[in-house]
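**Student:** Residues per chain are reported as follows:
4 protein chains.
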Amino acid sequence: MPIRVTIWNEFRHEKTNPKAAEIYPKGIHEAIAAHLRTDARLHISTATLDEPEHGLSEDVVRQTDVMLWWGHLAHDELSNLIVERVYQRVMAGMGLVVLHSGHFSRVFRKLMGTSCDLKWRESGDREILWVTHPGHPILEGIDDYFVLPVEEMYGEFFDIPEPDETILISSFTGGEVFRSGCTFTRGAARIFYFRPGHETYPTYYDPNVLRVIQNAVHWVAPRREVKPLEFGNRKSGWLDHSPE
Amino acid sequence: MPIRVTIWNEFRHEKTNPKAAEIYPKGIHEAIAAHLRTDARLHISTATLDEPEHGLSEDVVRQTDVMLWWGHLAHDELSNLIVERVYQRVMAGMGLVVLHSGHFSRVFRKLMGTSCDLKWRESGDREILWVTHPGHPILEGIDDYFVLPVEEMYGEFFDIPEPDETILISSFTGGEVFRSGCTFTRGAARIFYFRPGHETYPTYYDPNVLRVIQNAVHWVAPRREVKPLEFGNRKSGWLDHSPE
Amino acid sequence: MPIRVTIWNEFRHEKTNPKAAEIYPKGIHEAIAAHLRTDARLHISTATLDEPEHGLSEDVVRQTDVMLWWGHLAHDELSNLIVERVYQRVMAGMGLVVLHSGHFSRVFRKLMGTSCDLKWRESGDREILWVTHPGHPILEGIDDYFVLPVEEMYGEFFDIPEPDETILISSFTGGEVFRSGCTFTRGAARIFYFRPGHETYPTYYDPNVLRVIQNAVHWVAPRREVKPLEFGNRKSGWLDHSPE
Amino acid sequence: MPIRVTIWNEFRHEKTNPKAAEIYPKGIHEAIAAHLRTDARLHISTATLDEPEHGLSEDVVRQTDVMLWWGHLAHDELSNLIVERVYQRVMAGMGLVVLHSGHFSRVFRKLMGTSCDLKWRESGDREILWVTHPGHPILEGIDDYFVLPVEEMYGEFFDIPEPDETILISSFTGGEVFRSGCTFTRGAARIFYFRPGHETYPTYYDPNVLRVIQNAVHWVAPRREVKPLEFGNRKSGWLDHSPE
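Protein sequence lines correspond, in order, to chains A, B, C and D.
Letter 79 of the first sequence, counting from 1, is numbered 79 in our numbering, and no numbers are missing.
Letter 218 of the second sequence, counting from 1, is numbered 218 in our numbering, and no numbers are missing.
Letter 219 of the third sequence, counting from 1, is numbered 219 in our numbering, and no numbers are missing.
Letter 198 of the fourth sequence, counting from 1, is numbered 198 in our numbering, and no numbers are missing.
Treat the hints with care, as some may be off.
Heads up, the list lumps identical chains together, so a pair's fine if it works in one copy or across two of them.
With a straight-line cut-off of 16 Å between C-alpha atoms, the simulated EDC-like cross-links for lysine to aspartate or glutamate are [unchecked claim]:
| id | residue 1 | residue 2 |
| --- | --- | --- |
| 1 | 227 | 159 |
| 2 | 227 | 144 |
| 3 | 227 | 143 |
| 4 | 26 | 50 |
| 5 | 15 | 50 |
| 6 | 15 | 51 |
| 7 | 19 | 122 |
| 8 | 15 | 30 |
| 9 | 110 | 84 |
| 10 | 235 | 122 |
| 11 | 227 | 140 |
| 12 | 26 | 51 |
| 13 | 110 | 159 |
| 14 | 19 | 165 |
Don't read these hints as lab results, they were simulated from the structure.
Generate the whole structure from the sequences, applying the supplied hints.
**Tutor:** In structure tokens, the structure reads:
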């Protein structure tokens, strides 16, 4: 059974910014989807902000195993209902891959419990991403570093809780550093934050970036048998009546 | 300069439940305060739900270095304004010690990003708290375990993010276990969750429990020089003009 | 290509202790092997202390992707050469699953950097293992707890570094607790410590125990493309000549 | 009672390399000691490789609360006896601050369980150290970054276990990054690794570097009441006879 992936994209820059439109004529989501569709173990759908229910109806969300999230301008335009729907689905075990400016998305901030703020600059820095966790499944096929010739700068302090694992750290021409690949666990769900991906650079055509995203989809995907977690009152005597 | 501590207590059980009233005639907050007042390095205040602004006016919150939080019945009665005020103060570096049923408080859940749910039972279990992080400052003066003859049971799975440090793990007569002492960092703030403290047991007179709470107050207290964190746009050339 | 698994067992108790011999007539390694052989994605071999080179020749170790380790009486009988050989193979990315009294094995202690000491008692305690990391791949198919009716007790403090993940915590009849399922990363290698498995109890026939071991073998198995890590001197100018 | 600090330095470069001798005429240990002696809560001693027992007699080690360690050329000249003595003292709770090339010292490698290898280059890179854990006691008084105009480069992958906390990350002119401030816990002991400090640069006169070292000494210092840890056999019935 394939992993059911929904790529969510705000899809606004690509309609209004000529440079973004030129690089991503069908939207960032379609650039990522084109690559992921080459993986027979994945079933790929997309959803965007301006569709009804932002493309995230109850059926769509319930039938998603892994969601990717790219947003920037319009985090506040998401309805509370949809934010809560996606959040609850993560709590139930759905994997989540948050991309670039998605750090400020309401779902990610709610999951982190912090501001998720950072330093930034758009001036054509070169980014070098260094592997700090060799052998991690998300880094399969990645060398000990890779370079993006031009990207937006994100700099520390990145206001997130200490990640479970920090697997990539970036340096920028300007001298800044950033924890660019971070894993988190929340309930039965796994979350991966991946930094690169400014809308005016062809980052989502870079083979290393696409490889990391593809690996991450497999890594955050839930195992088949995640059951609803049991909470609440627990009578004495359960041990005597337990099936084991 | 002493550490300014505000002990927040819901203070409802003690007014309506005869057993709680008998054990804590002045409220749980006063039992804890009585002990902490013996520490000359601390300046102790209290605040309760039914005071104006729940006892947490802007002035009170701004002048608090460490807040303790006990709540149970009435988490939803807190105004959004006060929850946000306390949360923002934590983001600015205030230490937070969350006690027992405070696991379900809105501030703690917002900081954790998870449901914070758990299993529970009120049937007079004996609780044994085991040290899993010897030498931790919060455990100064604590032996390798201590016993509470009767307490409410909390059982795993406790739906929190993986703690920075798990320093106490409890077993209960019924066979359950629980991560009873957990540290977290959020921004510049430190948070300690400490499990024991049901309102119908004299837990807050236990010398080990009081010692842990007192140590925790010192451990979460911010250092003097936490400045507002710097985020946002960062022009090129900062390095040339930096004072270093 | 199947994962090449070598189950290493000291295999002394089963020859000298009638109770152990009765339960594990062919040795603990064969009880575990019988189960793992039902998994077509695994290729299973065994090795024991009293074979030449303890069954761990250079060829055997080089051709092992995942090693399981059970030892107790004779940790000090292992030659330095073999300890170093196994350790270096872990450093190169081999997965390692350490079972029960293997906590005191020289390889595990060398990897941890601590004494790995603990409290223990053989008096027929019942052990309950609680899941503290639902959704973890090693716990696929495991409910929120499982019970072993009789086992040796291991109690905290367990002198290991803070694990990357604590996924199972045990309670015992006597009131002790223990971090029974712990993951660690060292270099490109993954390590899983799994507590149960005293030689005089039929623990390695328990379906939950076997399931955890099987899951763990898959989880610690290295990805195909772990290359030798690059260290050492790095001339200026690498960036200009890098292939990216 | 002051914290008893022993600064251990290999003290070879400063005798043979004219540049090191010029910058540190009395040795690196004396440059650090000069600063730490201004802190009345500390009692400072020094010890060097070529003294009898490398300056680390049983009495000296037993009476040390915090040890600093700088070594580079001669890690292998340390006697096994002294390495073991220092290691056992750490296991008993002594704090350890490992400086720069001390990453390859035998004591640090034994504590980490890994190779502790890294990439390096001596070509006058500028190092910028970024704070990734604001509010950490070791960073008290440190801004959100600081710059060392010229230093040796150390680059990732740094082969250490995932630190408890990564509080400083460096970038270098050449584009490399490094986890430059890392905390670890081993048993009751705390360990801090701090990257800067090449012998041919005046790093140990930099106010930020000295501030971090001074803060770290206080942070790793053991609490007064760390008792020997209890391990081993534990009879049934302990609970009935326990004093609580």
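**Student:** Under a CA distance limit of 16 Å, which applies to residue 19 and residue 122: within one copy, between copies, both, or neither?
**Tutor:** within (14 Å within a copy, 41 Å between copies)
**Student:** Check residue 227 against residue 140 for me: Cα-Cα at most 16 Å, and say if that holds within a copy, between copies, both or neither.
**Tutor:** between (29 Å within a copy, 10 Å between copies)
**Student:** I want to check one pair: residue 235 and residue 122. Are their C-alpha atoms no more than 16 Å apart within a copy, between two copies, both, or neither?
**Tutor:** For residue 235 and residue 122, only the inter-copy Cα distance (9 Å) is at most 16 Å; the intra-copy one is 59 Å.
**Student:** Is it within, between, both, or neither for residue 227 and residue 144, if the alpha carbons may be no more than 16 Å apart?
**Tutor:** Between copies, since 9 Å is at most 16 Å while 37 Å is not.
**Student:** Using 16 Å as the alpha carbon limit, work out where residue 15 and residue 50 are close: within a copy, between copies, both or neither.
**Tutor:** Intra 12 Å, inter 52 Å, cutoff 16 Å: intra-copy only.
**Student:** Taking 16 Å as the upper bound on the Cα-Cα distance, should residue 15 and residue 51 be classified as within, between, both, or neither?
**Tutor:** Within one copy only: 14 Å inside, 53 Å across.
**Student:** Could you place residue 15 and residue 30 in one of the four classes (within, between, both, neither) given a Cα distance threshold of 16 Å?
**Tutor:** within (14 Å within a copy, 61 Å between copies)
**Student:** Treating 16 Å as the Cα threshold, decide for residue 110 and residue 159: within, between, both or neither.
**Tutor:** both (13 Å within a copy, 15 Å between copies)
**Student:** Given a CA cutoff of 16 Å, do residue 227 and residue 159 count as a within-copy pair, a between-copy pair, both, or neither?
**Tutor:** This pair counts as between: shortest inter-copy Cα distance 14 Å, intra-copy 32 Å.
**Student:** Check residue 26 against residue 51 for me: Cα-Cα at most 16 Å, and say if that holds within a copy, between copies, both or neither.
**Tutor:** within (15 Å within a copy, 57 Å between copies)
**Student:** When Cα atoms must be at most 16 Å apart, do residue 26 and residue 50 count as within-copy, between-copy, both, or neither?
**Tutor:** within (14 Å within a copy, 56 Å between copies)
**Student:** For residue 19 vs residue 165, is the C-alpha pair at or below 16 Å within one copy, between two copies, both, or neither?
**Tutor:** The answer is neither: 35 Å in one copy and 40 Å across copies each exceed 16 Å.
Taken one by one, the earlier hints fail for this structure only at number 14.
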